[in-house]
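Undergrad: The primary structure of each chain is shown beneath.
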Amino acid sequence: MSEKTFEKALSELESLVKELENGEIELNDAVKKYNDGMKLSKYCHDLLKDAEGVIVKMMKDDKLEDFKE
Amino acid sequence: MDEKKYLTVTALTKYIKYKFDKDTHLKNVFLKGEISNFKHHSRGHFYFTLKDDKAQISAIMFASNSSKIVFTPTDGMSVIVEGYISVFESSGNYQIYVNKMSEDGLGNLHIAYEQLKKKLANEGLFDASHKISIPKYPKTIAVLTSPTGAAVRDIINIVNRRYPLASIIVYPTLVQGEYAKDSIVSQLKKVNSQMLGDVIILGRGGGSIEDLWPFNEETVAYEIYNSKIPIISSVGHETDFTISDFVADLRAPTPSGGAELAVPDQIELLNYLDRLNNQNRNSLNQILKYKVESLKRIESSYVFRDPLRVTQDKSKRLDYAIEKLELLNPINRLQQSKIDLNKTMKSLQDYYNRYLTRKQNEYVLSINKLELLNPLSIMKKGYSVVKINNNVVKSVDEIMIEDNIEILVSDGTLNAKVTSKRKDE
Numbered sequence: 690m691s692e693k694t695f696e697k698a699l700s701e702l703e704s705l706v707k708e709l710e711n712g713e714i715e716l717n718d719a720v721k722k723y724n725d726g727m728k729l730s731k732y733c734h735d736l737l738k739d740a741e742g743v744i745v746k747m748m749k750d751d752k753l754e755d756f757k758e
Numbered sequence: 038m039d040e041k042k043y044l045t046v047t048a049l050t051k052y053i054k055y056k057f058d059k060d061t062h063l064k065n066v067f068l069k070g071e072i073s074n075f076k077h078h079s080r081g082h083f084y085f086t087l088k089d090d091k092a093q094i095s096a097i098m099f100a101s102n103s104s105k106i107v108f109t110p111t112d113g114m115s116v117i118v119e120g121y122i123s124v125f126e127s128s129g130n131y132q133i134y135v136n137k138m139s140e141d142g143l144g145n146l147h148i149a150y151e152q153l154k155k156k157l158a159n160e161g162l163f164d165a166s167h168k169i170s171i172p173k174y175p176k177t178i179a180v181l182t183s184p185t186g187a188a189v190r191d192i193i194n195i196v197n198r199r200y201p202l203a204s205i206i207v208y209p210t211l212v213q214g215e216y217a218k219d220s221i222v223s224q225l226k227k228v229n230s231q232m233l234g235d236v237i238i239l240g241r242g243g244g245s246i247e248d249l250w251p252f253n254e255e256t257v258a259y260e261i262y263n264s265k266i267p268i269i270s271s272v273g274h275e276t277d278f279t280i281s282d283f284v285a286d287l288r289a290p291t292p293s294g295g296a297e298l299a300v301p302d303q304i305e306l307l308n309y310l311d312r313l314n315n316q317n318r319n320s321l322n323q324i325l326k327y328k329v330e331s332l333k334r335i336e337s338s339y340v341f342r343d344p345l346r347v348t349q350d351k352s353k354r355l356d357y358a359i360e361k362l363e364l365l366n367p368i369n370r371l372q373q374s375k376i377d378l379n380k381t382m383k384s385l386q387d388y389y390n391r392y393l394t395r396k397q398n399e400y401v402l403s404i405n406k407l408e409l410l411n412p413l414s415i416m417k418k419g420y421s422v423v424k425i426n427n428n429v430v431k432s433v434d435e436i437m438i439e440d441n442i443e444i445l446v447s448d449g450t451l452n453a454k455v456t457s458k459r460k461d462e
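In order, the protein sequence lines correspond to chains A and B.
Per this note's numbering, residue 690 is the first one in the first sequence, and the count goes up by one each step.
Per this note's numbering, residue 38 is the first one in the second sequence, and the count goes up by one each step.
Just chain A, same shape as in the assembly (with noise of 0.2 Å):
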């Protein structure tokens, strides 16, 4: 999952907690969601936590730099 965006990782959990809202489903498949859910609810909250800041680069002569002000 390491590879996985926030929003990719977030339009899935949004996905299974709808999922699960419906209802309509197997007692091991609705425990199963859940869990994948729980799983990637942290996953999304350990990006954000673990997230080093913002990396912002300048596009100087088609080329990528570091900002410096």
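What the hints contain is simulated information worked out from the structure, not anything from laboratory work.
Keep in mind the model is a prediction, meaning the values are calculated, not measured.
Any given hint might turn out to be false.
What the hints assert, rightly or not - One side of the interface only, derived from the structure: several residues of chain B facing chain A at Cβ under 10 Å: (1) I178; (2) I415; (3) K418.
As the list claims (entries may be wrong) - 25 Å max Cα-Cα, derived DMTMM-like pairs, lysine to aspartate or glutamate: (4) B:K176 - A:E692; (5) B:K176 - A:D751; (6) B:K173 - B:E330; (7) B:K227 - A:E708; (8) A:K746 - A:E703; (9) B:K156 - B:D219; (10) B:K173 - A:E715; (11) A:K757 - B:E330; (12) B:K326 - A:D725; (13) B:K333 - A:E741; (14) B:K328 - A:E708; (15) B:K333 - A:E715; (16) B:K226 - A:E754; (17) B:K176 - A:D718; (18) A:K746 - B:D219; (19) B:K418 - B:E439; (20) A:K738 - A:D725; (21) B:K176 - A:D750; (22) B:K59 - B:E119; (23) B:K69 - B:D248; (24) B:K155 - B:D235; (25) B:K154 - B:D164; (26) A:K738 - B:E330; (27) B:K326 - A:E715; (28) B:K265 - B:E254; (29) A:K721 - B:E330; (30) B:K226 - A:D739; (31) B:K64 - B:D164; (32) A:K693 - B:E305; (33) A:K697 - B:D302; (34) A:K693 - B:D235; (35) A:K746 - B:D302; (36) B:K56 - B:E119; (37) B:K156 - B:D191; (38) B:K226 - A:D718; (39) A:K752 - A:D739; (40) A:K693 - A:D739.
Every residue, glycine too, gets a C-beta built ideally from N, C-alpha and C.
Put chain B on the given structure of chain A with help from the hints.
TA: Chain B only, in chain A's frame:
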């Protein structure tokens, strides 16, 4: 004197007011002049006089309009205003009711702005249907602004605080002066050709209307319109409106506001994740509750209360099936073969026994017959056997007179000498 009609002051004033209000020229007046006697009323209204070197007129600007003024009017300032002329009855003054006011000298720019805005609106550049939605979770934000201003610093700080997962690429852009419009256009083209951003923040900090003017340029407007990447126009202060704001996919009041519109807030996201977790938990609990209820319902149905009713029938069918199955069971078939084999063996045995018995009987019979043939048993009846030189004598011709013969009887042998012989005819 008595025939003359005397009007009240009120009636006359009403008539004068009516005359003013009916006049189409006075309904929409563009006026320029110098401010004097400026008063900012505590309720927000402006009271002042507009004058030139030969005349003056009272002016009022209500709070609803004066609050939109971005400069601070002062006595002696040259301004241009838009409004209508009417009469204030209680003081008997005619005055101009000002809707819009800007500093004079900007008059030409103002007109150009209004004209361009109208033209582009007619061309559909501001149509909501053309606007691209801003991505909720952008990975990369292209920032088109001066790399040295406060604007870029504000944007970086806010994105960093709100959504540290994003990255920013600053496209250094001139945002002021005569080359600014070309710089904005070429950087917009570059971002679109490189496709390095999910969203563009285009803007600059506050300034005079001339400073912000590049964002009112027609070429800039078309380039914003043509961008495939959504653009958040973030020019000047809250009160500044530019053509860019109308063409862009989203208008932000300031560069900081642009950053806030570009990225979600991680605090809200964490709360949202919590809500999703709760929702998940609730849904699962609901499902569990529902399943337990269904189970209870099933348990209380007659099948469980009186299971025999169902099982009796089934058990019969089961027995039948088992019987059939047993026939097919290889072990059973083996046992069956064993049984068959045993049967065969048994019948063989029987046959053999019967055979043996029969043979025994035959044997006994034979023995009896043999017994009859045994010479000894004949001799027991009194017969004897005569032998000479150990040969059984069968004819008198084999014997000569004086021969010594043996006479075998049942219990012994007699030796005798033949004294005579006679041959029977």
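Undergrad: Decide, hint by hint, whether the structure agrees.
TA: Going down the list of hints, with the structure as the test:
no., hint, in the structure
1, I178, "holds (9 Å)"
2, I415, "violated (105 Å)"
3, K418, "violated (108 Å)"
4, B:K176 - A:E692, "holds (13 Å)"
5, B:K176 - A:D751, "holds (20 Å)"
6, B:K173 - B:E330, "violated (41 Å)"
7, B:K227 - A:E708, "violated (42 Å)"
8, A:K746 - A:E703, "violated (32 Å)"
9, B:K156 - B:D219, "holds (21 Å)"
10, B:K173 - A:E715, "violated (33 Å)"
11, A:K757 - B:E330, "violated (64 Å)"
12, B:K326 - A:D725, "holds (20 Å)"
13, B:K333 - A:E741, "violated (52 Å)"
14, B:K328 - A:E708, "holds (17 Å)"
15, B:K333 - A:E715, "holds (17 Å)"
16, B:K226 - A:E754, "holds (19 Å)"
17, B:K176 - A:D718, "violated (33 Å)"
18, A:K746 - B:D219, "holds (22 Å)"
19, B:K418 - B:E439, "violated (28 Å)"
20, A:K738 - A:D725, "holds (20 Å)"
21, B:K176 - A:D750, "holds (22 Å)"
22, B:K59 - B:E119, "holds (18 Å)"
23, B:K69 - B:D248, "holds (23 Å)"
24, B:K155 - B:D235, "violated (30 Å)"
25, B:K154 - B:D164, "holds (12 Å)"
26, A:K738 - B:E330, "violated (41 Å)"
27, B:K326 - A:E715, "holds (13 Å)"
28, B:K265 - B:E254, "holds (20 Å)"
29, A:K721 - B:E330, "holds (21 Å)"
30, B:K226 - A:D739, "violated (35 Å)"
31, B:K64 - B:D164, "violated (31 Å)"
32, A:K693 - B:E305, "holds (21 Å)"
33, A:K697 - B:D302, "holds (17 Å)"
34, A:K693 - B:D235, "holds (17 Å)"
35, A:K746 - B:D302, "holds (22 Å)"
36, B:K56 - B:E119, "holds (20 Å)"
37, B:K156 - B:D191, "violated (34 Å)"
38, B:K226 - A:D718, "violated (49 Å)"
39, A:K752 - A:D739, "violated (29 Å)"
40, A:K693 - A:D739, "holds (14 Å)"
Going through the hint list in order, the structure does not satisfy hints 2, 3, 6, 7, 8, 10, 11, 13, 17, 19, 24, 26, 30, 31, 37, 38, 39.
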